[in-house]
Amino acid sequence: MKIRLGSLALPLALALLSSAAVGHHAYDANYTRDVGSIEGVVIDVFWANPHVQYYLEVTGDEGTNKVWIVESDNLNVMGRDGWTSETLQVGDRIRVSGRLGRDGRPRLALDRDSLERLD
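The opening residue of the sequence shown carries number 125 in my numbering; numbering runs sequentially from there.
Be aware that one or more of the hints could be misleading.
What the hints assert, rightly or not - Pairwise CB distance ranges, derived in the manner of DEER restraints: (1) Tyr151 with Ala172: 16 to 22 angstroms; (2) Thr188 with Thr208: 29 to 35 angstroms; (3) Ala150 with Asp243: 33 to 39 angstroms; (4) Arg241 with Val191: 15 to 21 angstroms; (5) Asp237 with Pro174: 17 to 23 angstroms; (6) Asp205 with Asp185: 30 to 36 angstroms; (7) Arg157 with Thr208: 25 to 31 angstroms; (8) Gln213 with Glu186: 26 to 32 angstroms.
As the list claims (entries may be wrong) - Keeping only pairs whose Cα atoms sit at most 20 angstroms apart, straight-line, the calculated DMTMM-like set for lysine to aspartate or glutamate is: (9) Lys190 with Asp216; (10) Lys190 with Asp168; (11) Lys190 with Glu163; (12) Lys190 with Asp227.
The set of hints was computed from the structure by calculation and includes no laboratory data. Yeah, the Cβ is synthetic: ideal placement off N, Cα and C, and Gly gets one too.
With these hints in hand, go ahead and build the complete structure from the sequences.
This is the structure in structure tokens:
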């Protein structure tokens, strides 16, 4: 049985590319269309691809603290918009807005234009 390399090229390419497509998610998978605002202190920064993440300690109405994940874009997009790994530091007190996490999870898809420094 003779198999031509050309006949394997398309299935092989599809198999290799499909894993990248499955690995990347749409914001709709994790975030609602509802926009909210949170205020808190940056307690950790994840400055890496695929998405920059800031961890904020937020004090709720009942006085208890909760850690929120504030997710933004990849490093290239952040850099083009003037953001660097130094833009927000651990200890910074900020207010930000963005799309809220699904199922009440403490997550926010950051609207970078909403950043307000409180200190």
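How the hints compare with the structure:
1. Against the hinted window of 16 to 22 angstroms, the Cβ-Cβ separation of Tyr151 and Ala172 comes to about 18 angstroms, which satisfies the hint.
2. As the Cβ distance of Thr188 to Thr208 is approximately 33 angstroms, the hint placing it in 29 to 35 angstroms holds.
3. Under the hint 33 to 39 angstroms, the C-beta atoms of Ala150 and Asp243, about 35 angstroms apart, fit the expected range.
4. Separation of Arg241 from Val191 is about 20 angstroms and conforms to the stated range, judged on CB atoms against 15 to 21 angstroms.
5. For the hinted restraint 17 to 23 angstroms between Asp237 and Pro174, the CB-CB distance of approximately 21 angstroms keeps it satisfied.
6. Separated by about 32 angstroms at the C-beta atoms, Asp205 and Asp185 satisfy the suggested range of 30 to 36 angstroms.
7. For Arg157 and Thr208, the hinted distance range of 25 to 31 angstroms is satisfied, since their beta carbons lie about 30 angstroms from each other.
8. Distance hint check: the CB atoms of Gln213 and Glu186 are about 28 angstroms apart, consistent with the given range 26 to 32 angstroms.
9. For the given pair, Lys190 sits about 16 angstroms from Asp216 by alpha-carbon distance, which is consistent with the 20 angstroms threshold.
10. Of the supplied pair hints, the one linking Lys190 and Asp168 holds, its CA atoms being roughly 13 angstroms apart against a limit of 20 angstroms.
11. Our distance criterion of 20 angstroms between C-alpha atoms is met by Lys190 and Glu163, whose separation comes to about 11 angstroms.
12. For the hint pairing Lys190 with Asp227, the CA-to-CA distance comes to about 16 angstroms; that is within 20 angstroms, so the pair holds.
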